[in-house]
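**Q** Top to bottom, those sequences are chains H and V. With this note's numbering, you'll find the first sequence wraps up at 179, consecutive numbering, no jumps. With this note's numbering, you'll find the second sequence wraps up at 108, consecutive numbering, no jumps.
Derived from the structure by calculation, the hints contain no laboratory data. Do not rely on the hints blindly, as some may be mistaken.
Straight-line alpha carbon distances no greater than 30 Å define the calculated BS3-like cross-link-like pairs of lysine-lysine that follow [claimed, not checked]:
{"no.": "1", "chain 1": "H", "residue 1": "K15", "chain 2": "H", "residue 2": "K115"}
{"no.": "2", "chain 1": "V", "residue 1": "K58", "chain 2": "V", "residue 2": "K73"}
{"no.": "3", "chain 1": "H", "residue 1": "K115", "chain 2": "V", "residue 2": "K73"}
{"no.": "4", "chain 1": "H", "residue 1": "K115", "chain 2": "V", "residue 2": "K72"}
{"no.": "5", "chain 1": "H", "residue 1": "K115", "chain 2": "V", "residue 2": "K58"}
{"no.": "6", "chain 1": "H", "residue 1": "K15", "chain 2": "H", "residue 2": "K4"}
{"no.": "7", "chain 1": "V", "residue 1": "K58", "chain 2": "V", "residue 2": "K72"}
Derived coverage of chain V by chain H (criterion: at least 3 residues anywhere in the stretch with Cβ under 8 Å from a Cβ of chain H; other residues may be distant) [what the hints assert, rightly or not]:
{"no.": "8", "region": "18 to 31"}
{"no.": "9", "region": "75 to 82"}
{"no.": "10", "region": "94 to 106"}
Chain H stretches covered by chain V per the calculated footprint, using a threshold of three residues with CB under 8 Å from any CB of chain V [what the hints assert, rightly or not]:
{"no.": "11", "region": "33 to 47"}
{"no.": "12", "region": "96 to 102"}
{"no.": "13", "region": "144 to 156"}
A virtual CB, placed ideally from N, CA and C, is assigned to each residue, including glycine.
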Amino acid sequence: MSGKVVYRFYSDYEKEERWLNEMASRGWHLVRYRLGGYHFEQGEPGEWIYRIELLPADPRNAESQEYLSLLLDSGAEAVSTHARWVYLRRPAAMGPFVLFSDLESRIGHYRRVLKLLTTALATLVGCAGALFVVSGESGGLAFQIPMVILAVAIVALVLQTVRVSRRARRLEAQLLVHE
Amino acid sequence: MTTDDRRPLTETIFYVLLALGAPLHGYGIMQQVSELTAGRVALGAGTLYGALTNLTEKGWIRPLQGAADERKKEYVITDAGRETVAAELERLEELLRNGRRVVKEGWR
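Throw the hints in and build the complete structure from the sequences for me.
**A** Written as structure tokens, this is what we have:
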């Protein structure tokens with residue numbers, strides 16, 4: 001079976017999920033994710049449907065294990081985990097692969113993602129502040145390079161936070177009419 | 001029970017409670033709900049798991065102790081859960097009564 005590794009970076013997990021499903025529709029199925037490297041194996045085009053989810057707790061945690069076992073029972077498998085993120089797939093032959101079947105739980109997942117984003121944002125801003133204080137007046141390259149990297153990451157996180165909160169609000173507006 | 005607990009139930013919560021008259025594990029609940037609704041309600045795993053957590057916290061269902069596999073806990077409805085379903089049925093019956101009457105009379 002042939003395989004390949006593609007290196008990519010996504011700040012938007014929904015865009016990432018769409019890409020994984022596009023790859024799957026062309027016969028490239030994700031079998032492992034590690035540090036920006038997507039490991040694919042070639043198979044039948046469209047054989048699997050992929051989903052990316054942020055778990056409420058660490059995957060090794062008892063509650064997460066119970067949830068992953070429920071997914072397994074329902075025909076899905078966890079391809080890879082990355083911190084609290086899990087890459088899931090289910091054979092397309094089993095029909096649509098829906099993790100969240102009502103508005104409340106879809107909003108709940110967005111809220112979970114937003115919490116993570118704001119925590120990450122606070123951490124990065126803290127790092128930038130610390131770097132600023134530590135570097136003092138020197139302001140050499142050793143200060144500028146990490147500062148630029150931090151700034152780029154902060155901007156990416158802010159944009160993603162705005163995107164996700166917009167999606168959550170759109171669903172919340174529907175809640176006024178529908179369950 | 002607080003007034004908050006007397007608000008309308010979501011379809012997910014209602015059917016999970018209905019499914020748990022006898023102990024079932026997660027996947028059993030999905031199948032039972034699908035059967036009850038002739039396939040119309042297909043619970044997502046994430047949705048169901050969130051519902052089980054919330055319902056357990058409210059005390060409307062409880063996990064059975066001593067499962068052979070800790071990852072395959074079985075749940076069952078509690079007395080508080082049954083009361084909730086009864087109250088919801090009353091509300092739904094009122095909804096139906098009013099809806100049918102108004103529609104029958106032609107929305108005057």
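**Q** With a Cβ-Cβ cutoff of 8 Å, does the region 18 to 31 of chain V contain at least three residues near chain H?
**A** Held - the region 18 to 31 of chain V has 4 residues with a Cβ nearer than 8 Å to chain H, which meets the minimum of three.
**Q** Can the region 75 to 82 of chain V be counted as covered by chain H under the rule of three residues or more with Cβ-Cβ separation shorter than 8 Å?
**A** violated (count 0)
**Q** Tell me whether the statement that chain V covers the region 33 to 47 of chain H is true, taking a Cβ distance below 8 Å and needing three residues at minimum.
**A** violated (count 0)
**Q** Could you grab the alpha-carbon distance between H:K15 and H:K115 and see if it respects the 30 Å cut-off?
**A** With Cα atoms ~19 Å apart, H:K15 and H:K115 stay inside 30 Å; holds.
**Q** Within a Cα-Cα threshold of 30 Å, do H:K115 and V:K58 meet the stated pairing?
**A** Holds, at roughly 24 Å.
**Q** Within a Cα-Cα threshold of 30 Å, do V:K58 and V:K73 meet the stated pairing?
**A** Given that 30 Å is the threshold and the Cα spacing comes to 17 Å, the pair holds.
**Q** Does the region 144 to 156 of chain H contain three or more residues whose Cβ lies closer than 8 Å to a Cβ of chain V?
**A** With 0 residues close enough to chain V, the hint is violated.
**Q** Is H:K15 within 30 Å of H:K4, Cα to Cα?
**A** holds (20 Å)
**Q** Just to be careful, I want the Cα atoms of H:K115 and V:K72 compared with a cutoff of 30 Å; is the pair within it?
**A** holds (29 Å)
**Q** Go check the region 94 to 106 of chain V versus chain H for me, would you? Three or more residues, Cβ under 8 Å, otherwise it fails.
**A** Our answer is that it is violated, as 0 residues pass the Cβ test (under 8 Å) against chain H, missing three.
**Q** Counting residues of the region 96 to 102 of chain H whose CB is closer than 8 Å to a CB in chain V, do you get three or more?
**A** Held - the region 96 to 102 of chain H has 5 residues with a Cβ nearer than 8 Å to chain V, which meets the minimum of three.
**Q** Given the hint that H:K115 pairs with V:K73, test it: the Cα-Cα distance must not exceed 30 Å.
**A** holds (28 Å)
Figure legend: structure checked against the earlier numbered hints; hints not met, in rising order: 9, 10, 11 and 13.
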